[in-house]
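Protein chains in written order, with the working numbering: chain A, 1 to 324; chain B, 325 to 657.
What the hints contain is simulated information worked out from the structure, not anything from laboratory work.
Zero decoy hints are in this set.
Subject to a maximum C-alpha distance of 30 Å in a straight line, what follows is the list of computed BS3-like cross-link-like pairs (lysine-lysine):
no.	chain 1	residue 1	chain 2	residue 2
1	A	Lys197	A	Lys220
2	A	Lys284	A	Lys224
3	A	Lys251	A	Lys284
4	B	Lys501	A	Lys45
5	B	Lys356	A	Lys305
6	B	Lys593	A	Lys45
7	A	Lys193	A	Lys20
8	A	Lys201	A	Lys251
9	A	Lys220	A	Lys193
One-sided excerpt, in silico: chain A residues whose CB lies under 7 Å from chain B:
no.	residue
10	Thr57
11	Ala60
12	Phe299
13	Pro301
Cβ atoms here follow ideal geometry from the backbone N, Cα and C, with glycine treated the same way.
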Amino acid sequence: MPQMNLAEALIDGLIWSLRKDPKATIIGRGMAGHGPEHHAEDRLKAEFAARIVDPPTSEAAVAQLGVGAAMTGMRPFVHYGTAVFAYEAWNQFINEAANVHYMSNGQIKAPVTFHLFHGIRGGGGPQHSGSPYAMYANNPGLEIVMPSGPRDAKGLIRAAMASDNPTIVVQHALLLGLTEDVPEEDYMIPLGKAEVKRQGKDVSVIACSRSVVDALEAAKELAKEGIDVEVVDIRSIAPLDVDTIVASVRKTGRMVAADETYEICGVASELIATVSIHAWSALKAAPVRVARPMTPVPFSPPLEKAITPGVSKIADACRKACGR
Amino acid sequence: MTGATREVQLAQFERMLRMRRFEEMVIRLAQKHEYIGRQHLHIGHEATGSAVALAMQPSDKIHTTHRNHGYVIATGADPGRAFAEILGRRDGLNGGKGGSWHLCDASTGMQSTSAMVGGSIALATGAAYGLKLQGAKSISFAHFGDGTLDEGVCYEALNLASVFELPVLFVCENNSKAGQRPSSMLAAAKLRDIPQALQIENMIVDGADADAARVMFAQAAERVRTTGKPVFVECTLERWPGSHQVTAAFPTGVTDLALAFEQERISGKHAEWIKSYDPILRATRVFVESGTATRDELAALDARVTKLMEDASAFAEASPFPEPAAAFTGVFA
Ligand SMILES: Cc1ncc(C[n+]2csc(CCOP(=O)(O)OP(=O)(O)O)c2C)c(N)n1
Ligand SMILES: [Mg+2]
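Starting from the given sequences, assemble the full structure and let the hints guide the process.
In structure tokens, the structure reads:
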């Protein structure tokens, strides 16, 4: 099996999507980011130049270019680069794309995919560090996936492009260089299926995106202290795989919710609510939340570090959940 | 030429030099402190930025885009505190919370840097509305690039300024040139067709010509002050080869005023930019050839400005990082 970094894997997923479906089309540029991995995009451009358009800086209308085209039967992949640029298209995501199917009583579908790079990234400051997926998840009608690694990124992009619904794929800007074995052939990972990324018996860390990577790192550290951590990657917040999450917490009896969206109305809070409702009796201790505190992201490195969820905060949360 | 003109020309030139030497120091700081990341430098736009700053009255307001450093310095912010902000230090203009992309200084009317394309144009329109409501005689300035005209909000802001008759001067730095990767993609034949369609008085100026830009912005600001209505100025600019650099470098070298006269010493890939475009060298030549100033006078001024930036940078590098707890303060007023 070849090794791919996340940028290469997501491009591979796109290439398979375009090969398999003549209706798939791409709007955007810099699909593999602007960092050292950006060359991954070359393969896509070489094979499908005629099916890619590079739009002006017009995020709101570009969203509707995708949604409107999707409503005619195309399957556009709309790339925004930095996630916050899509704030310009708030109405277009929430009010238009998400409502199309419902308010037409199923007559019209909008199989569009939006692609964003989110997260606290080192120097992004208040306006370039946003992680909007919790805000998107606060609305019905959107599928929202947050891959934590290359293999998932490829399979989830394929599933997003094949889905009949508007789907938002949110990648952490700092994970693009992450490398692992990725199957060369075409495959999909169904939307709404969580995966247990590490088996453990003492505490369940329920996480997504970069927090999964951090949780796996924290688990190694905690193993040395005799704490056996289970890491569950939810992979999508909508749909949410309640069964896998609940089964894990029932097994360990302890829960840490780790995610980079804000504490208030964020993904971690939703996960704790879900477990409290469905597995209350299995909990041996209060759930612990690791999330972005309610402050904008400061530019200065030590300040940014202070607000970033990460390995040591997740490890501390696990200790706390285990009464250490 | 009158003595008054000479004085204002030299004042403009000093601002241009400050802007240039500031940016060159930013490149050095970025080379030394990699964490400060990507910088959008204003090199090559100094004639425009200094002209805008000179047209501002003390209570006027300005909003800028990511290509902001020049405006911050030209409008009079302390360069040491500006460097400190770019380095994320405690003494920074924004206490380290904003960094390069959000520099501001309320004391000079430099209200905000928005790093979102389309941010500054609508904010400045709002500033004009606020100033008008308060009966102030002041006006606001919107600095933005041609890329802002790609955004729908640009059309909306221009329209609002026109229908509400708001005292805002739209400063469009058009550095999008055929042959390079353009920073905008506009169907309009001329960029100024857009304000024109919205009944906004508009003009065009060579944004690298210090005299022309200064005269143009003085007139345009006067128009806005007397009519209370918006004016749109398109400044044609040629992109500096380092304007999108990912790693900090000096593609056109460190500015050397002597090169204005010793052109045979200029070589390399970007020789043409230095020889015939660089607005600083261009102004230097005009000064000396017209007898406005001698080479020695200009060199002495440059040495003073260079020293000022060295001291300012040393101040910034000596400034400590803020305490981590500062991350949580100031979320609310
Ligand atoms: C809303 C939004 N979309 C996209 C970007 C990414 N971006 C940063 S600079 C830039 C180009 C801006 O061009 P222009 O306004 O002409 O300024 P220039 O850099 O050419 O001076 C873009 C698209 C952004 N910052 N904000
Ligand atoms: Mg431009």
